[in-house]
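First to last, the sequence lines map onto chains X and R.
FYI, in our numbering the residues of the first sequence are 1350 to 1494.
FYI, in our numbering the residues of the second sequence are 5 to 136.
Just so you know, the hints here were simulated from the structure itself, not pulled from any lab data.
Among the hints, erroneous ones may be present.
Stated by the list, open to error - Result set (SDA-like, lysine to any residue): computed pairs, CA atoms no more than 25 Å apart in a straight line:
| no. | chain 1 | residue 1 | chain 2 | residue 2 |
| --- | --- | --- | --- | --- |
| 1 | X | 1456 | X | 1359 |
| 2 | R | 134 | X | 1402 |
| 3 | X | 1363 | X | 1375 |
| 4 | R | 134 | X | 1391 |
| 5 | X | 1420 | R | 131 |
| 6 | R | 134 | X | 1409 |
| 7 | X | 1363 | R | 97 |
| 8 | X | 1456 | R | 21 |
| 9 | X | 1420 | X | 1433 |
| 10 | X | 1363 | X | 1455 |
| 11 | R | 134 | X | 1400 |
| 12 | X | 1420 | X | 1403 |
| 13 | X | 1363 | X | 1469 |
| 14 | X | 1420 | X | 1488 |
| 15 | X | 1363 | R | 32 |
| 16 | X | 1456 | X | 1472 |
| 17 | X | 1456 | R | 17 |
| 18 | X | 1456 | R | 98 |
Unchecked claim - DEER-style ranges, computed between Cβ atoms:
| no. | chain 1 | residue 1 | chain 2 | residue 2 | range |
| --- | --- | --- | --- | --- | --- |
| 19 | X | 1366 | R | 24 | 14 to 24 Å |
| 20 | R | 135 | X | 1470 | 39 to 49 Å |
| 21 | R | 115 | X | 1377 | 17 to 27 Å |
| 22 | X | 1361 | R | 96 | 24 to 34 Å |
| 23 | X | 1464 | R | 113 | 34 to 44 Å |
| 24 | X | 1473 | R | 63 | 15 to 25 Å |
| 25 | R | 105 | X | 1398 | 43 to 53 Å |
| 26 | R | 33 | X | 1377 | 14 to 24 Å |
| 27 | X | 1468 | R | 131 | 32 to 42 Å |
| 28 | R | 121 | X | 1441 | 20 to 30 Å |
| 29 | R | 128 | X | 1384 | 12 to 22 Å |
C-beta: ideal position from N, C-alpha, C; glycine also.
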Amino acid sequence: MVTQASASSRSRSKFELYMWFFTRVSGVLMLLLGAYSIIYANLMGGRGLMDADAQTRWAFFPISFHVSSTKVELTPNFQNVFWQFYALLLFVFAATHGANGIRVILKDYVRSPILLAWLNALLLIVWLSIMAAAVYLLFVAQGAA
Amino acid sequence: MSNRARVTLSQFFAYRGGQPMLAWLLHRIAGIGIVMFVGMHVFAAFFLHGITGGVASTVANALTDFYESRPTQVFVLFAVLYHGLNGLRIVVLDMWPGLHRFHREAMWLQWAVFLPVFSLLAFLIALGIKVG
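This is chain X alone, in the form it adopts within the complex (with noise of 0.2 Å):
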């Protein structure tokens, strides 16, 4: 007999072997592009121009801001339009990779179901609001600069 409780838990479940799954992917792929963008700034003509510290910063978000103090051409090659969507592409897995994971430590400590579903409201208005602060950083910030 399927009851109402172990049909929503049933769901609830796969919603948790979606996360899962989405965790190691966007961890992986995170890594992935981390190292694709630190290569491809050297080979684009940063090779030379950039420090340690910018080559960091660029790895892990390919916005123009994060190697203008140093002396590299920031047009074309490192403010245009693949790059914007690259960063936003690995902001929105870092963001929801984050939230999911602050989802589950919530989840282990915070006792009260009513407390719960407050700060689960509250990590979902975070996660969205720093998705659209990252769209105007990139697409509105970047442009103007």
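Model the placement of chain R on the given structure of chain X, informed by the hints.
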């Protein structure tokens, strides 16, 4: 319904979770650390570029001073390096469960990669030496 685990400090230190527990704990601390750093950094940058002037800039500058300080940089280095390496180990062991026979060796291998890389870079950051 009180199923809260009541653990005293001495019980906490007596618990012999060993290497796997240490990895779990450090992974969690590093993960929270990265979320805090990235959160601070992105919101500070947004306050600087999106809402110029006023309280927003003061908050943004205070946050920037904090995460650009050397102790924070060393912690962020630890967090990203440890979380990345440990996550990679977890992914590899999840993908190829047969390798669980070597899970102890995997953790030692992870320390063998982490410790020299972290020590060298932390040393350079702490002394403020620019590389490249």
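Report task. Given the range 24 to 34 Å, decide if the beta-carbon distance of residue 1361 (chain X) to residue 96 (chain R) lies inside it. Result -> Between residue 1361 (chain X) and residue 96 (chain R), where Cβ atoms are some 28 Å apart, the hint holds.
Query raised in the report: Does 32 to 42 Å hold as the CB distance between residue 1468 (chain X) and residue 131 (chain R), or does it fail?
Result: 40 Å, holds
**Report entry** Proposed proximity, residue 1433 (chain X) with residue 1420 (chain X) (alpha carbon, max 25 Å)
**Finding:** With Cα atoms ~20 Å apart, residue 1420 (chain X) and residue 1433 (chain X) stay inside 25 Å; holds.
Query raised in the report: Using the C-beta atoms of residue 105 (chain R) and residue 1398 (chain X), is the stated range 43 to 53 Å upheld?
Result: 47 Å, holds
Query raised in the report: Holds or violated: residue 1456 (chain X) with residue 1472 (chain X), Cα cutoff 25 Å?
Result: The given pair, whose Cα atoms are some 12 Å apart, holds under the 25 Å limit.
Query raised in the report: When you check the alpha-carbon spacing of residue 1456 (chain X) and residue 1359 (chain X), does it fall within 25 Å?
Result: 17 Å, holds
Requested in this report: Take the C-alpha atoms of residue 1420 (chain X) and residue 1488 (chain X), compute the straight-line distance between them, and say whether it is at most 25 Å.
Outcome: 23 Å, holds
Report task. Compare the distance between the alpha carbons of residue 134 (chain R) and residue 1400 (chain X) with 25 Å, and conclude whether the hinted pair is satisfied. Result -> Judged against 25 Å, a Cα distance of about 7 Å means the pair holds.
Report task. Take a quick look at whether residue 1363 (chain X) and residue 1375 (chain X) sit within 25 Å of each other, Cα to Cα. Result -> This hinted pair holds, its Cα atoms lying about 18 Å apart.
Query - Given hint residue 98 (chain R) paired with residue 1456 (chain X) - CA-CA distance at most 25 Å - result: Roughly 23 Å between the alpha carbons, so the hint for residue 1456 (chain X) and residue 98 (chain R) holds.
Query raised in the report: Is the Cα-Cα distance between residue 1420 (chain X) and residue 131 (chain R) 25 Å or less?
Result: 24 Å, holds
Query raised in the report: Do the alpha carbons of residue 1363 (chain X) and residue 1469 (chain X) lie within 25 Å of each other, as the hint requires?
Result: 18 Å, holds
Checked against the numbered hints listed earlier, the structure breaks none of them; every hint is satisfied.
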